[in-house]
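Q: Turn these sequences into a full structure, and let the hints guide you.
Respectively, the protein sequence lines represent chains A and B.
Here the working numbering is used: the first residue of the first sequence is 921, the next is one more, and so on.
Here the working numbering is used: the first residue of the second sequence is 661, the next is one more, and so on.
Calculated from the structure, these hints are not laboratory results.
Mimicking SDA-like on lysine to any residue, the simulated pairs with C-alpha atoms at most 20 Å apart in a straight line are:
id, chain 1, residue 1, chain 2, residue 2
1, A, K1029, B, K822
2, A, K1029, B, D819
3, A, K1044, B, F903
4, A, K1043, B, D819
5, A, K1028, A, K1043
Predicted model, so just to flag it, every value in this text is computed and none were measured.
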Amino acid sequence: MKEFFTTVISYRFEIAAMVLFGIGFINLLLQRNLIRKIIAFNVMDSSVFLFLAAQGYIQGRIAPMIVNGDLSAATYINPIPSGLVLTGIVVSVSVSAFFLALVQRLYKKYGTIDFDEIMTLAKKEAE
Amino acid sequence: MMLPWYQNIPFASIFLLMIAGVLMLLMKRGKSAFILAFTVSLTVAALSAVLTVALYTGNERFVYTMGEFPAPWGNELAAGPLEALLAFMFSMGVALSLLGGRSDAANDILAPKQSIFYLMMCELTAAMLALTYTNDIFTGYVFIEISTLSACSIVMARDTAKTIVATIRYLVISLLGSGLFLIGVVMLYCITGHLLIPQLGEKIAELVATGTYTEPLTIVAGLLFIGVAIKSALFPFYAWLPFAHGGATTSSSAVLSGLVLKSYIILLVKLFYEVFTIEVIRSLKVTNIMFAFGVIGMLVGSWRAIKEEHIKRMLAYSSVSQVGYIFMGLGLGTNLGVAAAFYQILVHAATKPMLFISAGRLIDVQGHEKSLYRLRGAARSDPLAGVLFTLGALSMIGLPLLAGFIVKFGLASASLINPHRMWIALGALVVSTVLNALYYLPAVIALWTPSGFMVRVKQPRDWRFAVSASAFGAFVVLLGVSCLPVIDLIENGLALWT
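A: Here it is, written out as structure tokens:
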């Protein structure tokens, strides 16, 4: 039992990331409210960033910026995951902006952000 | 050190398209943006054709390091004859679809937004080429997202409430797919510590040889596969496709249905071939799932197409079944099957845009009617559009001398090697051919039957449509008649991937 808890604690970031990914994924898929869908998408992507950042961090080392002329790689954490997180954030910000713009368009047209309602209204319009 | 001149072509193509896109922001008139987009994509197609010939004759595959940072740190592009051929098909397909759909785009899209539409087309083409050429999985992910955004914008270019609803459905499903792909990429990085495909391949070979990390690797392969399957509308993830592809303007439908779906599959096959190797993928049983979903997709897509009245949605459902063919070929798990899948990618990239553009023209001459019932007799008002639609339909059914026949023949002969799958594959091919005939033939017959719906007013000729659809038609016949050099190229290209 003690072993189990120590494993959980040492992998706490990864476990949290996977749980958050699941929450984000399910809500993006099933949530009817479009704004909540966007939030779910952000939760999902942030969980991946958490996972990456946790993997790149090495206990007891410092951020990869050269301090006091120390050039040995053993001083610093792995900088590549941080770079990937940065790229990922750019992607998810632009996707969110685009998504929000679409939702605003639909709200102006139908006066609701409930996607099921919008679908029924759009179907009625077609008939 | 000077590179041989042709090694600059992959990067130059992507860069040219992106720069042209940015320049379009300065253009007020849709027409000038159209001319720029058309010229640039045609130039890229010409460059890719030159690259294809150079690499095929030299039987060469090279790696282009970006910014001179050596592996394993830098970012790389890799190009062999197969990638160059696919890049040619993509850029040519975009150029011809833009040309053929120009008059529809001019009517469907608000005048101030037209240059943005062509901008998005350029970025989308750049993303497709980058997905084909890239040698770095994270770059692959970034370009998947770029292509999602630009594909969504070209769906909503018509700016009606209906297309925005379709765009949101498309966007949500795409984000689910790319989310799964992203977590797969991240896990792969965490297991191996590499992002470049060759280094990943070496590390994975080590892991497989020692028998460690088998479960995580299975999960990663599954995540990458499902991510791509969602984005390329494999059964059962196809519900978004008919609305997105059926409602968009003609060029968008042609590009989305014929080309964009395939670019993700190419990245997936590259990952499976070079990172995991096909033997490992077979032993992880991912090919079984591909095969099963592919076969079901072939049948379900056709079944839904039979029941569809709206001509563009019918073509969109037919794409679902054609994607099923590709995954069935991949699911055979042999080089022959994969080669047949690539042939299908090329064939569908020529046939489906031709069908969409001809359908768009027929819809135009019939006074913007879209149901098959109301389109009766449309082919008589514009015989060229009718003939080319018929040609595309016959190729889809698999008439000999046309491209679709070679695909079915290739898939059937590839399945003979594998005794467990032979009967399922052959049965599925037969049933799906019958189903294809069941919806394409009635459509063709309806188009040629004289009826009261025909618009008697003489329609002005559209030379842009005539040039583009005939060029696609030439590709369909060419791929059907002289298939051997192309098959040889695909097989050589695949051999260079391992």
